[in-house]
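S.K.: If you want the building blocks of each chain, they are given just below.
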Amino acid sequence: MRLNHLARHAGLAVGGALALALVAAPAAVAQETATVYVVHGVPDTPVDVYVDGKRAIDDFEPGTSQGPVQLPAGPHKLALFAADAADGSGSPLLSADADLPAGGNVTVVAHLDEGGNPKITPFVNDVSSVPAGQARLVVRHTAAAPAVDVLAGDKPVIEGLSNGQEKALEVPAGSVSAAVAAAGTTDPVIGPADVDLKEGTATFVQAIGKLDGGKLSLVSFTVSDLHSSPSGVPSGAPSGAPADGGAPAWLLVTTLAGLSVVAVSAVRLRSAARR
Amino acid sequence: MTSAPGHRTRSGALVGLLAGLVLVLAPIGVWAATPAPVVAAASPVAPALPSAIPVAAVVPPVGSTAPTAPEPPVRIRLPALGVDAPVAPVGIDDRGRMAVPLDVATVGWYRFGSGPGATAGSAVLSGHVDDREQGYGAFHKLGDLAPGDPVTVDLAGGGVVAYRVEAVSRFPKTDLPVGEVFARDGAPRLTLVTCGGQFDYREHGYTENVVVVARPDVS
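First to last, the protein sequences are chains A and B. So for the first sequence, our numbering puts the first residue at 1; every next one is plus one. So for the second sequence, our numbering puts the first residue at 276; every next one is plus one.
Hints in this document: simulated from the structure, not taken from any laboratory. We treat Cβ as the ideally placed atom computed from N, Cα and C, and that holds for glycine. The reader is advised that the hints may include incorrect statements.
[Said to hold, decoys possible] Which chain B residues face chain A? A few, computed with CB under 8 Å, are given here: (1) L289; (2) G366; (3) G371; (4) F387; (5) T394; (6) S401; (7) R407; (8) D424; (9) T427; (10) F457; (11) R459; (12) V468; (13) T469; (14) C470; (15) R477; (16) Y481.
Looking at chain A on its own, in the form it has when it is part of the complex (with noise of 0.2 Å):
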């Protein structure tokens, strides 16, 4: 079951359910917008979200993300309510204030603390490009947990993180074996499952649910197209010496056979002189 979820979500692509309500701003005015992730990670709550008192997504399933989607820059009034409520009146589940850069990538999660009370924290997304060969892993602690230990292949990778906490890695693009562990052990609470980390992108993995019950699990977007160039090409020749140019090694051969023999030699003549 946790596997599957770690499986299913990592590299997820997402649906534009949130844009019809959202995309206000011509796209000609990239600027002037912010780009926008939501993560519903608070358990057994189905929500409607409201931005500036307008529906944005509706039945919005716990455990899932959504985005990206464009905001106009500035202050946003972001309210979540039970799925089944009527309209955007009355008093919501969770609220809260955004102030969205132009140009930022953010993502709001709603969650619950370490205590199990539901929150929302908005985090900012490193989208900047990532070294050739890499991939970028972003963790989020968002559950009802104490603080945990990613482990990649049975190693600890990430330690110490705490609820509200991320952190991001720049790892060689492949597959890892990731699982979370409480801090300071290796037992997994999520996972092990294979991730696969695709050269050029950023995950970002967030670990919802209450460790209570057993209901943690991760939520994951992948944002591709971050890759970097390599630096060269060092086709040269891989021993370090071209075929035709530098001594060779007989030349190395003679010539130290030659220089003993002169060496004895003149020990010899020098001998031979004392008599």
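For this one, chain A is given, so just place chain B on it according to the hints.
M.R.: Just chain B now, with coordinates in the frame of chain A:
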């Protein structure tokens, strides 16, 4: 004749000394007299890769694959140079450069980039020029290619992608336009890279890169 033994010793030592000197100097003379072939001779240093696409070469070749999962190339043939070499996928070395196969007879394909036959981007193949221990590499004469020369690449699935050389350029290693060479977008093309110029013994490498750009052959 009390000095005879000493005399003999001295003569023997003198002969040894001379023989040793000959042994040291003669091979050096032989080696120095051997002419060094010109490596990867190409057109003069070009300031930039050609950006114009020939009118005849804008249609993607048969055997196009999705850009998301390129089909690995397994062989490259350069009939003009008599080259028919195996191709292996490569990534990045420990200095962030494209890894090139240690075997100079094998050509490396940058597996994180575009693939031959893809609908967009530059598929990059690189091979060593030569090596003291292994001799000449598959791309030793790459700089001798001329515009119009055919290039064919065999894919792992059995497909064949045909290209024609558009341009041959050379760049100082430090000025290689890596953004263009490794671009994953733009018109589909094959970029062949090797080394050229002088060998820098302190850097253990050549001073230049020879870059051949080929476009899909639609004829």
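S.K.: Each of the hints needs a verdict: does it hold here or not?
M.R.: Hint check results:
With 8 Å as the threshold, the beta carbon of L289/B comes within range of chain A, its nearest partner Cβ sitting at about 6 Å, so the hint holds. Interface hint at G366/B: satisfied, since its Cβ lies 5 Å from the closest Cβ of chain A, which is below the 8 Å cut-off. Interface restraint check: G371/B against chain A, minimum CB-CB distance 5 Å, threshold 8 Å, status holds. Restraint check, F387/B versus chain A: the minimum CB separation of about 4 Å is within 8 Å; hint holds.
A hinted interface residue such as T394/B counts as satisfied when its beta carbon comes closer than 8 Å to some beta carbon of chain A; here the least separation is about 16 Å, so the hint is violated. A cut of 8 Å between beta carbons decides the hint on S401/B: the least distance to chain A is about 5 Å, and the hint holds. Restraint check, R407/B versus chain A: the minimum CB separation of about 4 Å is within 8 Å; hint holds. For D424/B, the suggested interface contact is broken, since its CB lies about 19 Å from the closest CB of chain A, more than 8 Å.
Taking 8 Å as the C-beta contact cut-off toward chain A, the hint placing T427/B at the interface is violated, the least distance being around 21 Å. The interface hint given for F457/B is met, as the beta carbon of that residue sits about 4 Å from the closest beta carbon of chain A, less than 8 Å. Hint on R459/B holds. Least Cβ distance to chain A is approximately 7 Å, under the 8 Å limit. With 8 Å as the threshold, the beta carbon of V468/B comes within range of chain A, its nearest partner Cβ sitting at about 5 Å, so the hint holds.
Checking T469/B against chain A by beta carbon gives a least distance of about 5 Å; that is within 8 Å, so the hint holds. A hinted interface residue such as C470/B counts as satisfied when its beta carbon comes closer than 8 Å to some beta carbon of chain A; here the least separation is about 4 Å, so the hint holds. The beta carbon of R477/B is not positioned within 8 Å of any beta carbon in chain A (closest approach about 11 Å), and the interface hint is therefore violated. For Y481/B, the interface hint holds, the least distance from its beta-carbon to any beta-carbon of chain A being 4 Å, beneath 8 Å.
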